[in-house]
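Student: Sequence:
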Amino acid sequence: MLPIAIFYQVYAYLSLVLSAQVFYMQMRARNLPCLLLLFWVCICTLIYAVQSAIWHQTSEPKWLGYGFCDITSRIITCSSIGIPAAAFTLVLYLDKVIRSDRPLKPFQDWIFQILLSLAYPIVTMLLMIPMESNRYVVICMNGCMPAFYQTVYTLIIFYLPPCLLSLGGLFFVSRILYYYWHRQKELQQFFQRDSQLTSKRFLRLLLLDAVFFLGYLPLTIYLLVVNCKGHNFMAVNHYLMSIWHRVPVYFFPATSIFLNNWIPPTVLIIMSIFFITSGKWTDNVAIFLWSLVVRCPYIKNTSLGRHAQFKLDSEKSAETTLAERTIDSSDLKEKCLILERQWSKLSVPSDDSSESQASTKYV
Numbered sequence: 001m002l003p004i005a006i007f008y009q010v011y012a013y014l015s016l017v018l019s020a021q022v023f024y025m026q027m028r029a030r031n032l033p034c035l036l037l038l039f040w041v042c043i044c045t046l047i048y049a050v051q052s053a054i055w056h057q058t059s060e061p062k063w064l065g066y067g068f069c070d071i072t073s074r075i076i077t078c079s080s081i082g083i084p085a086a087a088f089t090l091v092l093y094l095d096k097v098i099r100s101d102r103p104l105k106p107f108q109d110w111i112f113q114i115l116l117s118l119a120y121p122i123v124t125m126l127l128m129i130p131m132e133s134n135r136y137v138v139i140c141m142n143g144c145m146p147a148f149y150q151t152v153y154t155l156i157i158f159y160l161p162p163c164l165l166s167l168g169g170l171f172f173v174s175r176i177l178y179y180y181w182h183r184q185k186e187l188q189q190f191f192q193r194d195s196q197l198t199s200k201r202f203l204r205l206l207l208l209d210a211v212f213f214l215g216y217l218p219l220t221i222y223l224l225v226v227n228c229k230g231h232n233f234m235a236v237n238h239y240l241m242s243i244w245h246r247v248p249v250y251f252f253p254a255t256s257i258f259l260n261n262w263i264p265p266t267v268l269i270i271m272s273i274f275f276i277t278s279g280k281w282t283d284n285v286a287i288f289l290w291s292l293v294v295r296c297p298y299i300k301n302t303s304l305g306r307h308a309q310f311k312l313d314s315e316k317s318a319e320t321t322l323a324e325r326t327i328d329s330s331d332l333k334e335k336c337l338i339l340e341r342q343w344s345k346l347s348v349p350s351d352d353s354s355e356s357q358a359s360t361k362y363v
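The opening position of the sequence shown corresponds to residue 1 in the working numbering, with each subsequent residue numbered one higher.
Be a bit skeptical, because a hint or two may be false.
Label-pair ranges, simulated between beta-carbon atoms [what the hints assert, rightly or not]:
1. Ser303 - Trp63: 52 to 58 Å
2. Leu127 - Gly168: 16 to 22 Å
3. Asn260 - Leu203: 55 to 61 Å
4. Thr255 - Tyr179: 44 to 50 Å
5. Trp181 - Phe252: 49 to 55 Å
6. Gln21 - Pro130: 20 to 26 Å
7. Arg306 - Ser256: 22 to 28 Å
8. Val50 - Phe252: 14 to 20 Å
9. Gly215 - Asp70: 27 to 33 Å
10. Leu14 - Pro218: 23 to 29 Å
11. Ser59 - Phe310: 53 to 59 Å
12. Trp262 - Cys228: 21 to 27 Å
List of simulated lysine to any residue pairs, SDA-like, C-alpha gap at most 25 Å [unchecked claim]:
13. Lys200 - Ser272
14. Lys200 - Lys62
15. Lys311 - Ile299
16. Lys96 - Leu16
17. Lys229 - Leu207
18. Lys200 - Lys229
19. Lys229 - Ala254
20. Lys200 - Gly215
21. Lys96 - Leu164
22. Lys96 - Val17
23. Lys96 - Gly215
24. Lys96 - Phe23
25. Lys96 - Gln108
26. Lys229 - Ala210
27. Lys62 - Val50
28. Lys200 - Arg306
29. Lys316 - Arg306
30. Lys229 - Arg201
31. Lys200 - Trp181
32. Lys96 - Leu207
33. Lys96 - Phe202
34. Lys96 - Leu177
35. Lys229 - Met145
36. Lys229 - Leu217
37. Lys311 - Leu292
38. Lys96 - Met25
39. Lys229 - Thr124
40. Lys200 - Ile273
Hints in this document: simulated from the structure, not taken from any laboratory.
Note that the structure is predicted; figures quoted are calculated from it, not measured.
Glycine residues also receive a C-beta, built at the ideal position from the N, C-alpha and C atoms.
Given the sequences, and given the hints that come with them, work out the whole structure.
Tutor: Here it is, written out as structure tokens:
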């Protein structure tokens, strides 16, 4: 296996491990668009990593993936539409949040989001089956990939929608930024009422979408221009649609991993950076790493080891101070309750006292 293939295996599986925490966070937040984006990116990363491990040799393989590649190549076709569609549903959700006067219900537009992120890519895949020039092709270190005839039909159905979705996503991102800039005070009050979405989480999701579309739009434009410029379009006819299953599966040697294979794990890494590096998760990871440094016998007595011990001691002292403040606050609350009860007894007379006062008044 070439070094680039080994590096890709580590890179892909590392991104999948990091995505577990992101998936858990979005499940708790009930963020369906982000979960759909995670679904497409994770399944593509897993497929690319497995296929890269199976077909890592440059020589002709004995097995060309019959049955297995029939499924994975069509999933890859779906993901070409599903990934930008899921990101587009996420920015639509943020746009609806910022233009709403009240917190949105969980899974409010789930039908539309599932139709756009799941049903639409599946329909596109079904429409592209007659345009397949091969059953699929197997490329060294890249695995099995779909192959299509260069027709106007392919251009409109397969290559143009990701570009339009990316353009639409950038339009909504810019509009959300405009609304957020002019409604900051109102939005702060709105986020205080919403238990599922805070201001930091909203901005994190918005920045994630902005980075995604800024990177995905040039790629889709490049693919669109290359497929328009470098090939002569074929005429769509009945013969072209009926011979796709007769063309054999071809194997192509390669010494590098294509750009398409790097996109899903890179998106997972970016999502992990946006979500895992926030809140207590970062502190817990840092404490774990410092504790490993302290326990290492060769580093313990170095400047790095002393710095790690200082960090751990500082964290423990901060926790002790916080616990003492919590105890003091609880004691203060108890004292306030006792004083309040005493005041109520003195200020509100009992039934016996009122009766005695009344009897003394009329004697």
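Student: Determine which of the earlier numbered hints do not hold for this structure and return their numbers in increasing order.
Tutor: 3, 6, 7, 14, 16, 17, 18, 22, 26, 28 and 30
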